[in-house]
Amino acid sequence: MWKLYVAALPANGWNWIAVWRRNYCAWKKVALASILGNLADPLIYLFGLGAGLGMMVGRVDGVSYIAFLSAGMVATSAMTASTFETIYATFARMRAQRTWEAILHTQVTIGDIVLGELAWAATKASLAGTGIGIVAATLGYTEWVSLLYALPVIALTGLAFASLAMIVTALAPSYEYFIFYQTLVITPMLFLSGAVFPVNQLPGAFQHFTRILPLAHSIDVIRPIMLGSPLVNVGLHIGALCCYAVVPFFLSTALLRRRLMP
Amino acid sequence: MTGNGRVLRQEAESQLSDREMAQEAPCRLEPSPFEWKDQTGLVVKTAIPGAIPTVAIDVASVTKSYGDKPVINGLSFTVAAGECFGLLGPNGAGKSTITRMILGMTTPGTGEITVLGVPVPSRARLARMRIGVVPQFDNLDLEFTVRENLLVFGRYFRMSTREIEAVIPSLLEFARLENKADARVSDLSGGMKRRLTLARALINDPQVLILDEPTTGLDPHARHLIWERLRSLLARGKTILLTTHIMEEAERLCDRVCVLEAGRKIAEGRPHMLIDEKIGCQVIEIYGGDPDELSALVSPHARHIEVSGETVFCYAFDPEQVRVQLDGRAGVRFLQRPPNLEDVFLRLTGRELKD
Chain A
1 MWKLYVAALP ANGWNWIAVW RRNYCAWKKV ALASILGNLA DPLIYLFGLG
51 AGLGMMVGRV DGVSYIAFLS AGMVATSAMT ASTFETIYAT FARMRAQRTW
101 EAILHTQVTI GDIVLGELAW AATKASLAGT GIGIVAATLG YTEWVSLLYA
151 LPVIALTGLA FASLAMIVTA LAPSYEYFIF YQTLVITPML FLSGAVFPVN
201 QLPGAFQHFT RILPLAHSID VIRPIMLGSP LVNVGLHIGA LCCYAVVPFF
251 LSTALLRRRL MP
Chain B
1001 MTGNGRVLRQ EAESQLSDRE MAQEAPCRLE PSPFEWKDQT GLVVKTAIPG
1051 AIPTVAIDVA SVTKSYGDKP VINGLSFTVA AGECFGLLGP NGAGKSTITR
1101 MILGMTTPGT GEITVLGVPV PSRARLARMR IGVVPQFDNL DLEFTVRENL
1151 LVFGRYFRMS TREIEAVIPS LLEFARLENK ADARVSDLSG GMKRRLTLAR
1201 ALINDPQVLI LDEPTTGLDP HARHLIWERL RSLLARGKTI LLTTHIMEEA
1251 ERLCDRVCVL EAGRKIAEGR PHMLIDEKIG CQVIEIYGGD PDELSALVSP
1301 HARHIEVSGE TVFCYAFDPE QVRVQLDGRA GVRFLQRPPN LEDVFLRLTG
1351 RELKD
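So the sequence lines, in the order shown, correspond to chains A and B.
Numbers 1 to 262, taken from this note's numbering, label the letters of the first sequence in order.
Numbers 1001 to 1355, taken from this note's numbering, label the letters of the second sequence in order.
Among the hints, erroneous ones may be present.
Taking lysine to aspartate or glutamate pairs in the EDC-like style, the calculated list, with each CA pair at most 16 Å apart, reads [claimed, not checked]:
| id | chain 1 | residue 1 | chain 2 | residue 2 |
| --- | --- | --- | --- | --- |
| 1 | A | 29 | B | 1261 |
| 2 | B | 1193 | B | 1182 |
| 3 | A | 28 | B | 1143 |
| 4 | B | 1180 | B | 1148 |
| 5 | A | 29 | B | 1143 |
| 6 | B | 1193 | B | 1219 |
| 7 | B | 1180 | B | 1143 |
| 8 | B | 1278 | B | 1310 |
| 9 | B | 1278 | B | 1251 |
| 10 | B | 1193 | B | 1173 |
| 11 | B | 1193 | B | 1261 |
| 12 | B | 1069 | B | 1261 |
| 13 | A | 29 | B | 1148 |
| 14 | A | 28 | B | 1148 |
Derived DEER-like restraints, expressed as beta-carbon distance ranges [what the hints assert, rightly or not]:
| id | chain 1 | residue 1 | chain 2 | residue 2 | range |
| --- | --- | --- | --- | --- | --- |
| 15 | A | 251 | B | 1280 | 56 to 64 Å |
| 16 | B | 1219 | A | 29 | 49 to 57 Å |
| 17 | A | 35 | B | 1220 | 44 to 52 Å |
| 18 | B | 1091 | A | 29 | 31 to 39 Å |
| 19 | B | 1160 | A | 143 | 39 to 47 Å |
| 20 | B | 1143 | A | 139 | 30 to 38 Å |
Sample of chain A residues at the chain B side, in silico, Cβ under 8 Å [stated by the list, open to error]:
| id | residue |
| --- | --- |
| 21 | 7 |
| 22 | 9 |
| 23 | 25 |
| 24 | 26 |
| 25 | 28 |
| 26 | 34 |
| 27 | 103 |
| 28 | 105 |
| 29 | 106 |
| 30 | 107 |
| 31 | 109 |
| 32 | 262 |
Hints listed in this document are in silico derivations from the structure and should not be mistaken for laboratory results.
Small disclaimer: the values here were computed from a predicted structure and weren't measured.
C-beta: ideal position from N, C-alpha, C; glycine also.
Produce the entire structure from the sequences given, and follow the hints as far as they go.
Set out below in structure tokens:
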């Protein structure tokens, strides 16, 4: 039986590119609407909270609140863009559109498809995160060059959240189940990971838990890069994000094999 | 229109007779994968170097259950290279399940499957390199154009853009979609979509084609065009495994058929031999009266009688006498016709084949 699970893994290092290119080809046709859609939500947070709360809060950790928030929003937009791509668009390609069925009739394996989908979600996350970053840099909340350094971390954040969401996609019987993931996992993560206020505002015991959240690891690298403050434990944070990307990848591939090849 | 139809029919008949001759000696029948010269030129490798397999698909004692519900029950059949083999049966008979197994998408509970000498599912990926699939439900990318669909699909077989561009014209010509290359798939008719799906299945120049109900839901004209295209593929030496519940499709296209019911094989053979063997006489369909009364009336002249719904199927060794009995009875209508596969199925199971 394990042999069949091995056969579901990526067949080689390049099959996934064909899957990625298919999604890119489809996205190109609706690129503008898609980019605006991915940017609107975090921008509303950024200006709504930044301008409104910023007046009351003043400075946080030595920087203006809106600068503090912009780093959090870059990571958050990467999280939401890749999560939504994976739970909604990927699920549609797996079920309603039967795109995966067509692909699985070729020499591409389930693992190749999952890898291609994750890479695609990470690409969209990078676009969304970079978009917010560009707004922040234009307004002078970060240096342009810092944005360049942050880009690989934004992409890795996208990959980790796509990988986690792929487990949900693999298990969900229908679209209705995604709302649970959204309200019970993604939204709390936004408030617990230091995106909108520093983690040290949380109760002490709680802080230990929140520091292991993937978004917290992402923000702990992206924020110092964007604000030009010293990076602490960068290896730990990157390593944790890599684990969040790799382990769910294998798990979701196994779950999808069981689901699609009964 | 009619002239064209006649030409097609003649072509079909001449192909059929060629293939029937070949059928007498399946071992000498050699698939010719290189006949389609403008295809990709993918070199066809066999399991044993130099050997051309005469068996394209071998299904041996395959069983599959979901929970305690058996869906395939000790099924065995062999598809020779170059033949068109039909799997017939009502919905739920296990036709789609067995095609999924041949593709390695479902694992058999017990039994062995090989495709072109490659064991499935253990090496299904290798087998799928040389299989083309037309699924039961269209799974084209609706937002893409016809050309983009072929381009995207070719990449799944690791073909370069240049290689795909080189075969697209011949595929479009094959699918009679030359003028639709840049049309969005969502704007195509059902028949055009099916033809595109068929063309897409040929992009890797497969030796074996697996078609799951390829013409279900199409209008008669679109259906005939698909059949004509499939015959041209058989003439090129492709092997076709076809599932259908359309009896005309099976009779026209298939060299041999296997009739399934509840995951078991209940008959196998050439369509006309099955019909001769199981029925072998004219059929009179009678309706418009009390079925029990009508069957009692005609039974002295019938070899066999089946009642399905409100219709009495009278398998008559003396159709003339049956007609005499029925003539003049108010409200009763009848139709005399040659027997077909539908009758075979009804004879074997006591049920109609449709759903």
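**Prompt:** For which of the previously enumerated hints does the structure constitute a violation, in increasing order of number?
**Reply:** Per hint list: 1, 8, 11, 16, 22, 25 and 26 violated.
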